[in-house]
Amino acid sequence: MKYIIKEQECGYLLKNGILEKLLFAGKYQLFSWMGYELKIVPMIGKVNTQGLPVDVLMKRPEFSSRVVRVQIPDSCIAIHMVNGVCRQMLLEGEALYWNVYETNEIRLVDVTGTQITEEQVPQMYHHLLPAKICKKIIISDGETGLLYIDGRYEQQLGCGTWYYWIYAHEVSCKIFNLKIQQLDISGQEILTADKVGIRLNILCSYRISDPLSLVQRMEGSGKLLYTKLQMLAREYVGQYRLDELLAQKESIGTCLYDQMRAVQAEYCVEIRDVGIKDIILPGEIRDIMNTVLVAEKKAQANVIMRREEVASTRSLLNTAKLMEENQILYRLKELEYLERICDKVGSISLNGAGNILEQLAGLTLPKESKAS
297 MKYIIKEQEC GYLLKNGILE KLLFAGKYQL FSWMGYELKI VPMIGKVNTQ GLPVDVLMKR
357 PEFSSRVVRV QIPDSCIAIH MVNGVCRQML LEGEALYWNV YETNEIRLVD VTGTQITEEQ
417 VPQMYHHLLP AKICKKIIIS DGETGLLYID GRYEQQLGCG TWYYWIYAHE VSCKIFNLKI
477 QQLDISGQEI LTADKVGIRL NILCSYRISD PLSLVQRMEG SGKLLYTKLQ MLAREYVGQY
537 RLDELLAQKE SIGTCLYDQM RAVQAEYCVE IRDVGIKDII LPGEIRDIMN TVLVAEKKAQ
597 ANVIMRREEV ASTRSLLNTA KLMEENQILY RLKELEYLER ICDKVGSISL NGAGNILEQL
657 AGLTLPKESK AS
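Going by my numbering, the first residue of the sequence shown is number 297, and it counts up by one from there.
No lab work stands behind these hints: they were computed from the structure.
Hints are supplied without guarantee of correctness; some may be wrong.
To be verified - Within a straight-line C-alpha distance of at most 35 Å, the following computed DSBU-like cross-link-like pairs (lysine-lysine) qualify:
hint : residue 1 : residue 2
1    : 545       : 491
2    : 342       : 428
3    : 311       : 342
4    : 428       : 470
5    : 573       : 475
6    : 432       : 519
7    : 298       : 342
8    : 323       : 335
9    : 355       : 302
10   : 298       : 323
11   : 323       : 342
12   : 355       : 317
13   : 298       : 335
14   : 432       : 342
15   : 323       : 355
16   : 432       : 475
Stated by the list, open to error - Quick list of simulated restraints, FRET-style, between CB atoms:
hint : residue 1 : residue 2 : range
17   : 561       : 388       : 51 to 59 Å
18   : 639       : 608       : 20 to 28 Å
19   : 434       : 369       : 26 to 34 Å
20   : 526       : 456       : 34 to 42 Å
21   : 468       : 569       : 29 to 37 Å
22   : 369       : 568       : 49 to 57 Å
23   : 389       : 505       : 49 to 57 Å
24   : 571       : 410       : 39 to 47 Å
25   : 403       : 330       : 39 to 47 Å
26   : 303       : 452       : 56 to 64 Å
27   : 328       : 304       : 20 to 28 Å
28   : 427       : 330       : 49 to 57 Å
Remember, predicted model here, so these are calculated numbers, not experimental data.
Cβ coordinates follow ideal geometry from the N, Cα and C atoms, glycine included.
Model the full assembly from the supplied sequences, consistent with the hints where possible.
Right under this line is the structure:
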């Protein structure tokens, strides 16, 4: 039987199931009745042994000189480089690749440590690491992470992407948001000193200042801050009557802010601001206050109207005195009123001789003036 082995191939020549030798590019004629068998495989990539033991093949110099063989221990992984480029991460116990038409390099990396260093695995190849042997931790802007290895605190991580081996260790990270956060206390019902029930909407902004102390002292700061601010608001509002409280409503937020700042270290936070968003009164109290407000506004409107009437009357009196003392001014006032009348009259008929202006003025003079 004739066989053709191409340039990038080789053949395992077997006689009666026993490896005789390796054959390379060329034409061959073999007789199966003599017990010969030829298995042709490509000499690129991973070695296909066709079921032959690797140790048997490695005893052949023509085979061992053309392959790269690396045993991968359980505590290591292998970086498979092809022509200087990382192709894959190998986890199996043995790596066997042809080194004829490609340059294959196998680098062993110990995975029993903790942090993955640049010397072990360059950062550009981190995405090739399998998830079952490494942990990827991403810390975004405005966040920090507390790293724990085997349940023991190790260090605080800043913004960035971190990789750790988890083959021989348990790695975990608690991520905290260091940005300013808002705590909203809505519809908090509180009794004043005169037993009037009001509802407050309180806003509090804060940021976590000491994550390590926070995780050691308490489960979370949000709920505890909510309760503390709630109790301080009850204590403050309960000291004043409703009228007193409404008169100083702007100072409620300032007082609560000062009190929260005094205890912020206990909660491992930094209080940035506390303010009162709304003060909601009961329906009947609100109706009464609205009635009082309407009455006050009406009274203010009446005072303004009376003040304007007095001012208008005083102005007329001053004008009359000026016209009495100055006949020219009086005459100008007459002409002004005459102009207003003429603007509203469609047509005017005059009879007889005389000054037209005097006749028009005579139309506006009272009868007593005409008689005199």
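Each hint, compared with the structure:
| no. | hint | in the structure |
| --- | --- | --- |
| 1 | 545 to 491 | 17 Å, holds |
| 2 | 342 to 428 | 24 Å, holds |
| 3 | 311 to 342 | 25 Å, holds |
| 4 | 428 to 470 | 20 Å, holds |
| 5 | 573 to 475 | 22 Å, holds |
| 6 | 432 to 519 | 30 Å, holds |
| 7 | 298 to 342 | 27 Å, holds |
| 8 | 323 to 335 | 14 Å, holds |
| 9 | 355 to 302 | 24 Å, holds |
| 10 | 298 to 323 | 7 Å, holds |
| 11 | 323 to 342 | 25 Å, holds |
| 12 | 355 to 317 | 11 Å, holds |
| 13 | 298 to 335 | 13 Å, holds |
| 14 | 432 to 342 | 30 Å, holds |
| 15 | 323 to 355 | 25 Å, holds |
| 16 | 432 to 475 | 23 Å, holds |
| 17 | 561 to 388: 51 to 59 Å | 55 Å, holds |
| 18 | 639 to 608: 20 to 28 Å | 24 Å, holds |
| 19 | 434 to 369: 26 to 34 Å | 30 Å, holds |
| 20 | 526 to 456: 34 to 42 Å | 38 Å, holds |
| 21 | 468 to 569: 29 to 37 Å | 34 Å, holds |
| 22 | 369 to 568: 49 to 57 Å | 54 Å, holds |
| 23 | 389 to 505: 49 to 57 Å | 51 Å, holds |
| 24 | 571 to 410: 39 to 47 Å | 46 Å, holds |
| 25 | 403 to 330: 39 to 47 Å | 45 Å, holds |
| 26 | 303 to 452: 56 to 64 Å | 59 Å, holds |
| 27 | 328 to 304: 20 to 28 Å | 25 Å, holds |
| 28 | 427 to 330: 49 to 57 Å | 53 Å, holds |
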